[in-house]
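Visitor: Here the protein sequences line up with chains A and B, keeping their order.
Note that the first sequence ends on residue 198 in my numbering; no numbers are left out.
Note that the second sequence ends on residue 1153 in my numbering; no numbers are left out.
Think of the hints as simulated: they come from the structure by calculation, not from any bench.
Given the structure is predicted, the values throughout are model-derived calculations rather than measurements.
Be aware that one or more of the hints could be misleading.
Each computed DSSO-like pair below joins lysine-lysine, with the alpha-carbon atoms no more than 27 Å apart [said to hold, decoys possible]: (1) A:Lys-66 with B:Lys-1083; (2) B:Lys-1083 with A:Lys-64; (3) A:Lys-194 with B:Lys-1103; (4) B:Lys-1083 with A:Lys-72; (5) A:Lys-109 with A:Lys-194; (6) A:Lys-194 with B:Lys-1083; (7) B:Lys-1103 with A:Lys-184.
What follows is each chain in one-letter form.
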Amino acid sequence: MKTHRVLATLAALALFAVMAAPAAAQSETTGKWLHVRVVESGDGESVRVNVPLALAEAILPSLKIKHLQNGKVKIEDHVRVHMEDVDLRAILDAVKTAEDGEYVTVESKNKDNVRVAKRGGYLLVEVRDHDKDGKQREKVDVKVPMTVVEALLSGGKDELDILAAIRALSRHGDTELVSVEDGKTTVRVWIDSKNVTE
Amino acid sequence: MFGKILMGAAYTTLIGGAVLFHEGAITVNVQEKKPDGHHVFVLAPAAVVPWAIALAPEEHVRFEHIPPEAREALPALAAAADKLAEMPDFVLVEVDSPREHVKVEKRGGSLIVNVDSDKEKVYVSVPLRAARHTLENLAARLPQRIEPVMATP
């Protein structure tokens, strides 16, 4: 009788321990991570964001918000990508099939310039902004793998396939995607296989 | 006789507690940083929330107060909670400034928000499995009168 009570008590405790334990991870995710780091030198503020690309892949098909449906964004009427009256989407279509080279160079009087080039399998966008005295105010560098650009344009004529682009990005090697410096703020966006930022 | 009753009550409490807390606990801890500042501490079994949403009478659930954008995002948020629960622990967002430190991380089976500012300290922990069930129940209970998302030309 006493043994049965002890066994029953132990069984109940074991059941409680199993059910109250936090859910363990069901699988190890070893995919790519998107990292964003913003540092403001003025007030000493910093922001770090780490997003597993697998999470974005899981969410996008379920997201149905205005112009974003099933991982695709409609660009006609709602989202227009222009740089100084240059239609970026038209440029991307042309660059996709062309050889390596510099395709667009836009320069203004105060040495502001925008360059779009294709090199080593990447689409490169470089923006330099200067003040009236010619001193550099802002520097933007964007480096996107061409496979991601192709995936982005793989959808319909008037849409960008964000989900396909994220999948292409997760198959790519580690790379820095965006770098912005404007004297006070530094922004970096990159992908790698680590789940932490430095 | 009394011993048997006591044993039965103890087993019921243990098993009941295991059932209630099998999805973990929602923890909220807020402490104001001033003399006589308020302190709020809530510890609730996470399993209760989805049931509360599923069983609450419709007149007490104010769906019209949920913004349309939030309603549209509910299935995606549920999918996010599900996916997060599978992943190894990581820090999602960390903000450091002279005035405050904010950290949002996935740790164990929970999403944890930690805020330490000049005015207060806030700690919120939500088990991801319960969050997923809650969001799914909420999405399932939304009335069908929601206006179309995109009007076709």
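Visitor: Decide, hint by hint, whether the structure agrees.
Guide: Here is what the structure says about each hint:
no.: 1; hint: A:Lys-66 with B:Lys-1083; result: holds (24 Å)
no.: 2; hint: B:Lys-1083 with A:Lys-64; result: holds (18 Å)
no.: 3; hint: A:Lys-194 with B:Lys-1103; result: holds (18 Å)
no.: 4; hint: B:Lys-1083 with A:Lys-72; result: holds (20 Å)
no.: 5; hint: A:Lys-109 with A:Lys-194; result: violated (43 Å)
no.: 6; hint: A:Lys-194 with B:Lys-1083; result: holds (18 Å)
no.: 7; hint: B:Lys-1103 with A:Lys-184; result: holds (23 Å)
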